[in-house]
Every structure is written in structure tokens, then in C-alpha cells.
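Participant: From these two lone chains plus the hints, build me the complex, please.
Read top to bottom, the protein sequences are chains A and B. Plus 25 on top of the position in the first sequence (first one is 1) and you've got our numbering. Plus 1 on top of the position in the second sequence (first one is 1) and you've got our numbering.
The set of hints was computed from the structure by calculation and includes no laboratory data. None of the values given here were measured: they were computed from a predicted structure. Don't take each hint at face value.
What the hints assert, rightly or not - No farther apart than 30 Å at their CA atoms in a straight line, the calculated lysine-lysine pairs in the BS3-like style are these:
#	chain 1	residue 1	chain 2	residue 2
1	A	Lys528	B	Lys122
2	A	Lys431	A	Lys502
3	A	Lys528	A	Lys320
4	A	Lys433	A	Lys373
5	A	Lys502	B	Lys34
6	B	Lys189	A	Lys502
7	B	Lys333	B	Lys363
8	B	Lys179	A	Lys502
9	A	Lys502	A	Lys320
10	B	Lys321	B	Lys122
11	B	Lys363	A	Lys502
12	B	Lys179	A	Lys49
Claimed, not checked - Which chain A residues face chain B? A few, computed with CB under 10 Å, are given here:
#	residue
13	Phe106
14	Val107
15	Glu503
16	Leu504
17	Glu505
18	Ser507
19	Ala508
20	Ala513
21	Thr517
22	Thr518
23	Arg521
24	Ile522
25	Pro525
26	Lys528
27	Gln569
Where a beta carbon is used, it is the ideal one built from N, C-alpha and C, also for glycine.
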Amino acid sequence: MEAIGEVGRTRGLQGGDGPRFDAKWLVIALATGLVAWLALVPLVFLVYQSFMTPETAFEPAVFTLGNFAQAYGSAETFTLFVNSVQYGAGTALLAMAIGTSLAWLNERTNTPFKSLFFALSVIPLVIPNILFTVSWIMLASPRIGILNAVMQGVTGTNIVFFDIYSMGGMIWVDGLQDSPIAFLMMTAAFRAMDPSLEESAMMSGASVAQTIRRITLRLTLPASMALFLILFVRAVESFETPALLGLPVGIEVFTSAIYQAIHRYPSDIGLASAYAITLLLVTSLGILVQNRITKETGRFQTVTGKGFRPRQIDLGRWRYATAGLYLLYIFVLVALPFLVLLWASLQKFYSVPTWAALSNVSLDAYRRVIAYPGVDTAVRNSAMLSVTAATLIMLATSVVCWIVVKTKIRGRWLLDALASLPLVFPGIVLGLSIMICYLTIGGPIYGSIWILLIAYLTRFLPYGMRYNMTSMLQIHKELEESAAMSGASWWTTFRRILLPLLKPGLLAGWIYIVIVSVRELSSSILLYSPGNEVIAIIIWELWQNGQTVELAAFGVMLIAVLFVFVMIAQSLGRRFGVREG
Amino acid sequence: MLTVRSLSTEYAGQKGTVVRAADDVSFEVPQGKFFTLLGPSGCGKTTTLRSIAGLEKPTGGEIRVGDRTVFSAAQGIFVAPNRRNFGMVFQSYAIWPHMNVFQNVAFPLEVGRRRFSQAEKADRVMRVLHAVALDHLAERDATRLSGGQQQRLALARALVMEPDLLLLDEPLSNLDLKLRERMRFELKRIQRELGITTIYVTHDQGEALALSHEIAVMNAGRIVQRGGPRDIYERPKSRFVADFIGSTNFVEGAVLAREADPHHWRVSTPIGELRVVCHEDLGRGEALTVSIRPEDLELTEAPVDGADGRNALSGTVDQKVFLGEYVDFQVKIGETILLARAHPSLRTPIGNPINVRIDPEKCIALPEDEPRRQAA
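Only chain B is shown next, with the shape it has when bound in the complex (with noise of 0.2 Å):
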């Protein structure tokens, strides 16, 4: 549905430098489907949209929308933003303050190519408002509306022109916390109902995996990882996408050899040795990275070893955080510190010692030649 291929966006920064916002970008989205890409700030994820948008004009590469090509830098076309007919939620929502809900929505309409007559107009601006469930409102002024019904307002007019893409500008990122949770499952909702092809942009990775069908995690203006939200949050491929997807334990260590499964390898680290998975071949003596999610540190009082082919350490509680749902104990293994999500029944004093089992399947290894890119 969707093709960009070696997109690059470039605009001028300070002092006549060009800053290669995006660089070398590309991906397809299928039909239908739920596209999220993530980044810190600077990543490039917003320069990316925007191009695909049509507000910025890239210096290369090519984007296709099924058999349309809305931007070519090999054959000179650039397609208007306002003749693409994608659906666009900004962040800051863009509702028009001198119009009220049902205007908003109704100007694509009216200004548009195609014409519609009166009826016809109301009866779409109205099925729309009906599925973000704002047709009470269609009368009220637009700047009357919390910032919730804004944000479905934005939507309704992006999706009021029966757009070929819907590309939304991190559109959750203003609201609160708990209007935030409810609208991501709102919004997760109409997607999948109306079954339009959406590209997102966030830097929020909850949102990412809760919304995604697949996700493209951007770090300064490349794409460092594409998957399924599974997929990047169990194996991330490098340091920087374990460290910004979810939090995570690094433990520094080096191969010491393969393991009988595929897959497996055993590796020394300051915390003693562990069997970890990498999916790379590794040599002897490499040294890598191994990536622990905090909720899979198994904490128990009970003696533990490695029988069960688990990894199995002690160490002493080192200081614990109440949360209510969990609780964060910080676990002092050598000279190391992990982190470890336990449920709240765990309640071994700070000083105590404790023991921690840990899944290889877990121990996700990141091979030192990674190119250790920070974000921008």
C-alpha cells in the first residue's frame, strides 16, 4: 500500500549546515495496517511523516501510495500535500478555532476536488462525528471541546475525506495520562474498524506496542530496527532499541562458548556466568552486551540452581521501591546492580540476601560491533 524507499530529508540548520533529518529511509505498510514509528526527539520519525505528508519537500528517494506516486526524486514529481488526500492528525490538533465541530469536519469536504451537495455533506460529516462519538456535539464551538473531543474532532476531520492513509503526529501526546490510556484503545478501535492504513509517530513506546501492527524505532534519521511489538520488545537488536524500548538491565560480558541448542551461548559477565540467546554467531573471547528485562528476574527466598537450565545468581537487596502494583528491588550481585520487577508478596528486607533465576531466552546478547548510535 504504502512504499517509501531511501527517503531522504534534509533541511538547513545553523550557520549553513545541513541537517540530514531523515536519511536513507525506508518501508512498506500493507493495506490496513497500523504503522508506528518510534524515536526519541530528533529521531527523524516526525521529518518522515511530514515528507510522506507532503509539508516537507525531501531531497531524495521515492514514496508510493498503491500504484501513485506522490513523490519521486529520480523523476521530478512532487505531489501537492493538499492534492494526496491523506488524513492528517497533528499534535497540536490544528482545530480550526472560528469554526464549530461540524464545520471542522465539513471543510475537507468543501474544499476538496470532488463536490459534494448539501445533503450528502451533512450525512458524511455526521457518520464520522457518529464514529468518534461526537454527533451531540456537532453545534458546540470548536475551542468548547476538552482536549479529549479535540483529539477525536482531529480525527474525524483527517478521516472525513475517506483519505488513502492516515497519518497521525503524536495525537495522544497532549493529553493526561488517564484520557490517554482510554483514547489509544479509542483509537486502536476505529483503525481496526475502518481498516485504513495508518502511519503514527510517538516517542512513547507504551502507545507503540499497544497500537502497532509493526514498528520502525528511528534513531538519528535512520530506522535501527523494524518488527511486530513482540518482536521489538523481546528482541531488540541493539543496545540503543533494548534501552529505549521498556527499561532494561545491560551486563557487560564476553563468549565463552556455544551451548548444545541452537541459538544458546554461555557467557561470563561480573555477575557470574550466564547462558544467553543471540541469534548472530558470535567467536570465542567477543565481547557483547546481554539485555535483561527487569520483570524477568525472577526474585525468591528459596535456594536456587541451575538444574532447571535456568541462569541462577545471589545477591543482596540492595534498596526496594513500593509501586503498588510491584515492586522495583534493586539487587546487588558482585559490584553490579539489577533491577527486578516482583510482584508485591516479596517482601525480603533491604540487606537481605536474595536469589534471582533468570530464562536464557531472556538474556538477550548485542554483539559489540553494533554501531553504538546515541540519540540525537
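In isolation and in its complexed conformation, chain A is listed as follows (with noise of 0.2 Å):
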């Protein structure tokens, strides 16, 4: 119906006295020449790599199918692919059964402390993973954690209470980092549904019980599922958890294989390109059933505009024990980790907490680690690829909104696809495709900072796409259509029209990008080079020289200056009636 969007078929017409060339279209060019760019060419030169044997200054490339022969051919690639489903399974499994508890409690009862429980959307932006696995570290590692000291004091033995360093450590880790997202994707599925349907269950005679088992979880059952995948995919493409826990004690899951592969001397890159690939088919495959379970039950109808609430479960006295459960798990997710940190950031060597250790403490840390080399280049850097990421990005992704949302340009589809095809690579595997394509290549950018401002636009595309494509949908084609009836141009409504409007959106999306960049690790991991190290590669590297004193005051500061932005995101979002996604 829309023809200033119509741009596909010309049916023959030219402009009549309006202008041959339009600013418009050498801007969709650019947008889309640039998604393409990002999104296809990492992918493409990776299943090259895995096709191909090393090249080296003597012999050329030649074509192999070795690579998977290697891959495929060992007992160890089944260890390893039993290792991350287990890992992932297990992970989700742990994340989903802490969130749909917490979100049923406080959808459904009268538990106390609600609106304490918002907050939580945030914590997992704020705590970094890779602190938050080293925190679990010095709190259950069989040496030094500090609930093993404690276990072993109350109970007067030797015994290990709590080993991290396990395959069931992995899991409760992040299990336990990703249950906020499962609480707040289940509380949105519970929200979604038709209270009465549940009324007139009990209204049948269902006890509470019965009602949650027959009614309320088998009609949330394809949130579940589509949860599951969600989370199972987020686990077996992360990489600080494995990498921290798992490679000590010979626990190897692919993403972490892939690092290693990469950096045994000499490093076999054709085999981490298999493994890379084999992971890829994985989270491509979760990520396609996961869309369609969501597409075919319409997750996305509007949860709003229903005038009615859901009658609360009263839990009389329980209540306060429900409460309990709340502290606890707060505790245990973000107070117990947090000061664990910021006691180890007290101390000149890192100990357990004891009575004679608090007269230890110091500032020492702090002072040591701003003085450490290459940290004051790290926070610049880190500083100026998020900023510059997260503004490319939105910008870019505002203009191929538009081309999806308000355009009946044919095989826009395929932008949209292109510009979220990013989700399914597991940031390891961007980096180590980024990394071929630009040793292939050639040129500069391979061994400068530009190559981790690639990986992080690319990897942080589809959040730009997100956040401009919700913000796209709500704007009405009328006030596009209002400015062309009063005589502006397309470049003049975007900029004076559209781009106003998108600006909640933009400023979220913006600050996200940010922090999410700052906190990037495993597509660094394998593209920084000395000189050009960030943040993240800082910690990674405290922890690798066992520094882990001024690893601890780097933390506390780098949640601390997070913290403050989140903070600023979420009043921006609110002033701006954002809802974060």
C-alpha cells in the first residue's frame, strides 16, 4: 500500500519533476552493504578455513577435509560434545527452575519485597561474567573458598564441602547468572496469560497444586521450551565459565576446545574452525526451533491491555518464608559475590576472611592495579570501541529498521535476517572467524584495535536491530507521510522525524551496546594484540599471573562504574517510557 517506501518495482514510471538521485538511497546502500559485510564475510571465510590446511610460509593452502576428519575422528570431540550438552542442559535446567519459582511466586502470591525483584533485571548487566566466576572461585574452590573454610570450622574436618572445579560448579555458575533472564521471560509468559483460565481451574476444585501442574505450566509450556533453548544456547556458547572452571581440572566444553586449539604452539586453526563450525550448526539449530516454537504461539501478541489482575495466591504465614527464599537468593546472587570481591580488593595477599585478616586491610590493591601497565590503554580503549561500536550501530541499524518495517522493498527480509544472523555465533567463534578473514585478507587491521571494533559491531548488531525495531513498530506510518505531504525531503524526515522519535530507543540501545562491549571477552580473546588490549583482557590476565588481589579491586571497580550506568540507562528509560526488552 505504501508508496514513498516503494522502492522495488518502478513499473516503468521515472520521476517526474522530483529529483533523478536521492539521498535515500545511497544511505540504505551504505546500511546494507555494511550488514552484509559484517554478518556474511567472517562466515563465510570460517568454512573456508575448515576446509583448508594451514597455510605457511612454504606451502600454500590446499583443500582438506582433515580438519573434520581430525575433529570428528577422535574419542575426545565425543567427550567434548557430551560435555556441552550436559553443560548446557544442565545449566538451563538449574536457570529455569530458580526462574519460573521466582516468577510464579511473584506473579501468583502475595510473597512480600516484590518490586525489590525488578532490580534483578539488571544484575546480571552490572556483575561480568568473568568476575562473577572468579568470585565463585574464591568463595568454593577446594583451596582457598571461603565456604569450604567455613564448612570445615563448624563441622571441625578436612573435608572438601564444595568443589567448583567440577562439571556440577560450571552449572550452578551459570546457571545461576542466567536465572534472572528465565525470571523475567517467565514472569512475562505469566503475565501473558489469561488469568481466568486459571480461576476457573480452581473454581473446578483444582487444588493449587493441581492448578500449576495442569493449567499454568502446561500453558506455559512453549515460553518454557523456547526458554530452554534460549538458555541452553547462551550456555554452550560461553566461554569464562568453562574456561575458568572446566580447563584447570581437564573439563573441556567447545568453546573453550576452540581456545585451545588456538593457543597450543603451534596453534591448529583449522581444527578450532571445525569445532567452531560444529558449534554453530548447534546454536543455529537451537535458535531456529526456538523461533519457531515462539512464532507459531504468537509470544508476541500484546501483554498488555487486559484491565484485569490475576487473584493472588494468599500464602498466610508461608509468605514470610517465601520471603525468605527471596533474600536468599538475592544473597547468594549478587551480595555474597560482590563482597567477596571487595574483601579480596582489601587485602595486600588474598585470603579467607578471619578476625587476624581484617587488620590487613589496605588500599594497596587499588593503587597497585591503576598502576599496572597497560591498564590505563585498556580503559581507553575499551572506552572508545564501545562508544564508537554502540553509535555505528544504532545508527546503521535505525536505517535498516526502516528499510524492514516501513519499505516494500523485495528480499528485505533478508536485511533482517542478515543483521540478526550475529545471534548465532558464539563470541568465540566471531573472533576466531573474524580473525581468518582478516589474516586471509591482510592489510592493517589484523594487529590493530580496528579488528575488535569489527568483532563488536558485528557481534552487537541484532541488540541495535532490537531495540530500533521496537521503536520502528511504534511509530505510525502517518507521521512519515505527514512530512512528505509537507514538502520534506526522505533525508530531511529521517533526520527531523524519524530519528527524534527513535531517540528513547537509540539512548537505550546505545548504553547497552556499551556496557555489553566493555564487558566482551571471548571474541577478544583471540583478535587483541599487546599494546591493544580492553578491559575484560585486563582481568583475564590478572587472573591468568594469579594476581588475584588487584583482580578483585579492578572488579569493584569496573561493577562500580557499570553500576552508575545502568543506573543511567534505566531513568533514561523510564523518562523516556523505554521498556528494556
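Facilitator: Structure (C-alpha cells):
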């Protein structure tokens, strides 16, 4: 219907007294080109590399199936696969169990402290994965873990109560960390459900437990399945936890195996690519199925607009017990990890908290880490990269979303799909693909800081799409049409009508991308070069060097800064009425 | 002033079908006139308007404004909407929420080809805001206006660039009933004062009748009848138009004979023989439908005869509904029920006999061969 957006077919008509050339075309071409380059090229090189022998100074690369033969021929790969699936499923189930029960308590009962709970949506943003994992090492490692020390003190034995260096430990850390996502998604699912469905079950004589089992959970089954897949994919993509907890005791998953293949000498890019492609297939399949489920059940149908709130179950005195559960959860998820980092950062040498150690409290670690070589450069690099990436992504995706939402150009769905493609790339696979791509192409990109920028642009492109898409869909097309009728050109309309209306979403998305860029480790770890470190790399190095107290000090400062940033984002979001997705 | 000739606009429907939303639409609007496209939803009126605006690209035909061709399929001319200099008020008003009242109205002056000085811009904006009685709200956020104020703001914005043509897409449909009636007068006053050529799209026959110099009734992408408001209301040419505009009674019948008066015919119907008007030639025995407006059925308890040349009928009161200003009676004549609108002073109880008088001039015969199109 929309002719101003219609640019696909001209039906043999040429502009009358209108301009022949429109800025529109240049901008569209640039945005499309950028998206296509970022999303497609690394994938092509990854696939290419996986079928090639390594190129050396003496031998050119030749076609081979050796990489896959090596990858699939060994029993190790089978172990790798089993580990990954076990880890992914375990993490997803743990996160879902926690998230679903808390969401149910929150939505359907009169447990106190509810408002506290939505603050949880920001926690995973504020504490980077690597710091969360490190804090749990401090809490539950067999040697230095505080929890072990406490339990041993209480029981007077030498038994190791918690061993974080295990599959169980990995699942615990990652599942706990992802549980807020499960909480938010299940809350949305419970809210989208018509409460009268549950109420009529109650009226039919069903008990609370029967209603939950036979109505609530049954009706949210599609949402739960989609959630499981999302969590599963996130877990098999994650690098920090398996690398820090699994590698020391020889538990490898795909992400850590890719890292190992690159970091052995000589590095085996071919094998890493074969692993990467396998992992990519797993994540693509997961996301594909998840999309299918989501689309079929129409999760995006509007949640708002219902004028009734579900009846809340009165838990009576039990509600203090459930409130206790909340507090325990927040304590374990937030307070404990942060406090242990804070404690460590105030020590000269790391030690378990005791009254004796309390007298050693100092700020030395903060002084040392600020003076640590490379920290100032890394902070500058991270700031520059995250701001540049966020700005470019938000601007480019605003044009892409305009094309997808507002025009009738043929193949616009392809553009949408391309811009969302990086979602299936685990960070380390993306890092590997970009590494191969710019190694093969040559030129100055590889080994410079710009390769990190390219990685961030690619990795966070889908986030920009999501934020802009939400706001773009809310803009009534008549707002643009009335500008055209007022005599405004496309470019003027875009600049003066669309961008200002997109502003809340642009800002929220911008801050979100800045935050995730600062935390980014799994792509950066394969792409940084000496002198081009970023913040996450510094933390990684401090950990590898065993400088635990300096790491803790750095971590505390980083968490503080990210916290301020998230608070700004939240208040902006409230002011402009943005719903955090 | 505006000439639309053989305009056709298509768009892709579901499953690759092509929907012809406007089909061979032609009309002319003289300078300063108020022209309304009226029809049920999906009849193509909005598509026609958007084609004139340039928001849709037609597949065929020609659109001229004065001596300027803005679209011609034959000559391959398509002027972009932002180069046409037409003002448009959208159904949603499309008020830009990030600008205040003044900025909204000033926008067309800032983006057009002509440049205005600050003083000139302010002068023009305030003048047009004054015309729609919003000048005291110039600095207010556009989102903090009431529905009626937003509607006037949209109108001011469309008028500020002194457009060649004013296009209105159901501008009153989002207002509540009281406000709609007031804005109807307001709109009429502004249009008549400025003398701006206006194309108006609505599905509300009351609005169309109240505002227009001329109305084109559309159905299934085509114009089915064009004429002045009275003309359309009193002399519908088809069952569709009679049915769509106002409420009416349809009575099937067959031609008996030609009367002495020109265009008058005698018709046999289930409610008895009627004298009717038809401007077309009819053959004896030809089937037709007679349309009689409820307000044209004159009810009385006194006896009636056909001596004064009017149709006289007798029936019983089947049902009645008191509506304040008038009473709707359902009168049963034979097996047929007719709707009649009477003054509240008529209090005949249900079940009692009642007599009906109808002026032959008000019995409009619609020949059967008129293709009966159903609203899409």
C-alpha cells in the first residue's frame, strides 16, 4: 500500500519533476553494505578455513577434509560434545527451575518485597561473567574457598564440601547467573496468560498444585521450551565459566576447546574452525527451533491492555518463608559474589576472611592495579571501542529497521535475517572467523585495534536491531507521510521526524551496547594484540598471572562504573518510557 | 482545478493476487469546492485520496491540478508527494509528538523549497493557528492537546504552506459525537472562508451531506454516483446508494403503467399499488425496487384516500421505539414491515390500525438491471 516506501518496482515510471537522485539510496546502500559485510564475510572465511590446510611460508593452503576428520575421528570430540550438551542442558534447567519458581511466586502469590525483584533484571548486566566466576572460585574452590573453610570450621573436618572446579560447579555458576533471564521471561509468560484460565480451574475444584501442574505450566509450555533453548544456547556459547572452571581440571567444552586449539603451539586454526562450525550448527539449530516455537505460539501478542490482575494466592504465614527464599536468592546471586570481591580487594595478599586478616585491610591493591602496566591504555581502548561501536550500530540499524519495517523493498526480510545472523555466533566463534578473515585478506586490520571494533560491531548488531525495531514498529506511518506532504524530502524526514522519535530506543540501545562491549571477552581474547588490550583482557591476564587481589580491586571499580551506567540507562528508560526488552 | 482521469491503483493482495483498490476513477473538482469521496470501508476512497497525495503510486490514469500534471501513466510522470504542495490531514492526525504546537505547524515552512525568514515564518504560523483558534497554545507540547485541538492542529499544519489542494482522510472519525458535530461546522467555516479546494474522505454519510458541494459515492473501487448532497440523498440511482446513505425501506415491485405526469409510473408491490418516480424509461412488467425514506412515510390515524395524488396505504403498528426527537414506527402492511419516522405527538398503541400517506416524488424506483454491488 505504501508508495513512498515502494522502491522495488518502478513499473516503468520515471520521476517527473522530482529529483533523480535521492540521498535515500546512498544511505540505504551504505547500511545494507555494512550489514552484509559484517554478517556474511566472516562466516564465509570460517567455512573456507575449515576445509583448508594451514598456510605457511613454504606451503600454500590446499583443500582438505583433515580438519573434520581430526575433529570427528577422535574420542575426545565425543567427550567434548557430551560435556557441552551436559553443561548446556544442566545450566538451562537450573536457571529455569530457579527463574520459574521465583516468577510464579512473584506473579501469583502475595509474597512481600516484590518490587525488589525487578531490580534483578540489571544484575547480570552489572557483574561481568568473568568476575562472577572468579568470585565463586573464591567462595567455593577446594583450596581457598570461603564456604569450604566455613563448613570445615563448623564441622571440624577436612572434607571438601564444595568443588567449583567440576561440571556441577560450572552448571551452578552459569545457571545462577542466567536465572534472572529465566525469571524475566517466565514473568512475561505468566502475565501474558489469561488468569481466568487458572481461576476456572480453581472453580472446578483443582488445588493450587494441580492448577500449577495442569494449567499454568501446561499453558506456558511453549514459552518454557523457547526459554530452555535460549538458555541452552547461551550456555554452550559461554566461554568464561568453562575456561576458568573447566580447563584447570580438564573438562573441555567446544568454546574452551577452540581457545585451546588456537593457544597451543603451533596453533591449529583448521581444527578450531572445525569445532567452531560444529558449535555454530548446534547454536543455529537451537535458535531456529526457538524461533519456530515463538512464532507459532505468537509470544509477541500484546501483553498489556488487559484490565484485570490475576487473583493472588494468599500464602498466609508461609509468605515469610517465600520472602526468605527471595532474600537468600539475592544474597547468593549478588551480595555474596560482590562482598567476596570487595573483601579480596582490600587485602594485600588473598586470604580467607578472619579476624586476623581484618587488620590487614588496605587500599594497596587499588593503587597497584591503577599503576599496572597497560591498564590505562585498556580503559581508553574499551571506552573508545564501546562508544564507537554503539554509535555506529544504532545509526546503521535505524536505517536497516526503517527499510525492513517501512518499505516494501523486495528481499527486505533478507536484510533483517542478515542483521540478526550474528546472534547464532558464539563470541569465540565470531572472534575466530574475524581472525581468519583478516589474516587471509591481509592488510593492516589484523593486529590493530580496529579488528576489535569490527568484532563488537558484528556481535552487537542484533541488539541494535532489536531496540530500533521495537521503536520503529511503534511509529505510525502517517507521521512520515505527513512530513512528505509538508514538502520534506526523505533525508529531512529521517533526520527530523524519525530519528527524534527513535531517540529513546536509540539511547537505551546505545547504553546497552556500551555496557556489553566493555564486558566482552570471548571474541576479544582471540583478536587482541599486545598494546591493544581492553578491560576484559586485563582481568583475564590478572587472573592468569594469579594477581587475585589486584583483579578484585579492578573488578570492584568496574562493577561500580557499570552500575552507574545501568542506573543512568534505567532512569533514561523511565523518562522516555522505554521498556527494557 | 483538480482533474482525475481513469485513475487505477493496485496493490498486491494475499497469495500474489492483485487487488484493484481504485478502478477507473474519474472526477473533476472546480476551484474552491468541497468534494467528498464517500463509501464503506474498503471501497477505495482512501486509496484514491492517497493516490492524489502521491502516497500511492497508481497503475494507470492521470491526475492534474490546475495545469500541472502530478501523475500520468501515459507520460511516465510521477511527482513525489513532497513536491506536490498538497496539504493533508491524516486519520490519526499524525501530530509529531517530539515537537510543540508551533514547531509542528512551522515544519512545512522549514522543509519546503521556499525559504522563509524567522519573522515571516512566525507570522504565517501564528496566522494559521489563529484561524483554527489555537494561537494561545502555540508553546504547548503537541501531545498535551485534546482530540479536537489535535485535529485543528493537523488542519493548521496542512494549511500553513498555502497548499493547492487540501486532502482530508476521515479527520473527524476519532472524535466523540458532540465534538464531531462541532468540528463539522468549524471545518466547513474554515474551508468556505479560505476557499481552498478540498477532497474529503469519509464513510459517514452525515458528514458528507453536511460539508460537501459535491459527493462521489464509491463502491468496490468505482464511483457509483456523483452529485450534490440533496441529489444523492433524494435521487439515489442504485439500491447501493439508497441503502448506504441514510436508512430506507425497499419494496420490490413490477411496472404496471406509465402515468400522465412525466417520469411517473404505476407499480404493483406487496403493499399495494404505488405511484413512483423514475427518470429512466421502463417497460411494462419490468421488475424494480422502490426506495422510500422513513421520514417520507406520513403516519396518521385519520382516514386517507388517494384523491390528492399521493399514495394511500393502511396497516397496523407492529412495534415502536421512542427516540426523544422522534418516534420510529414499524408499520405492517400486508406481510411487509416498513420503517416510518414520526413526530413524538403520534401515540398510536401497538396493534392498532394506522394509515400511511407517501408523496410519489419520494418513492424512488430503482430498475433491477442496475448491477447490485455489495460493499467489499
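Participant: Check whether the Cα positions of B/Lys179 and A/Lys49 lie no farther apart than 30 Å.
Facilitator: Status violated; Cα separation ~44 Å.
Participant: Classify the hint on A/Arg521 as holds or violated, based on whether any CB of chain B lies nearer than 10 Å to its CB.
Facilitator: holds, 7 Å
Participant: Quick one, is the A/Ala508 hint okay against chain B at 10 Å, beta carbons?
Facilitator: Cβ of A/Ala508 sits 7 Å from chain B, so the hint holds.
Participant: Is the interface hint satisfied for A/Glu503? The criterion is a beta-carbon contact with chain B at less than 10 Å.
Facilitator: Constraint on A/Glu503 satisfied, holds at 4 Å.
Participant: Classify the hint on A/Gln569 as holds or violated, based on whether any CB of chain B lies nearer than 10 Å to its CB.
Facilitator: Hint violated; A/Gln569 Cβ to chain B Cβ min 50 Å, cut 10 Å.
Participant: Are the Cα positions of A/Lys431 and A/Lys502 separated by 30 Å at most?
Facilitator: Holds, at roughly 7 Å.
Participant: Check the hint pairing B/Lys179 with A/Lys502 against an upper bound of 30 Å on the C-alpha distance.
Facilitator: holds, 28 Å
Participant: Against the 30 Å threshold, does the CA-CA distance of A/Lys528 and B/Lys122 hold or violate the hint?
Facilitator: Holds: A/Lys528 and B/Lys122 sit about 27 Å apart, inside 30 Å.
Participant: Take the shortest C-beta to C-beta distance between A/Thr518 and chain B; is it under 10 Å?
Facilitator: holds, 8 Å
Participant: For the pair supplied as a hint, A/Lys528 and A/Lys320, is the alpha-carbon distance within the 30 Å limit?
Facilitator: holds, 28 Å
Participant: What's the verdict on A/Lys502 and A/Lys320, does the C-alpha distance respect the 30 Å limit or exceed it?
Facilitator: holds, 24 Å
Participant: Closer than 10 Å between Cβ atoms is the bar; does A/Pro525 clear it against chain B? Give me holds or violated.
Facilitator: holds, 4 Å
Violated hints, in rising order: 4, 10, 11, 12, 13, 14 and 27; the structure is consistent with all others.
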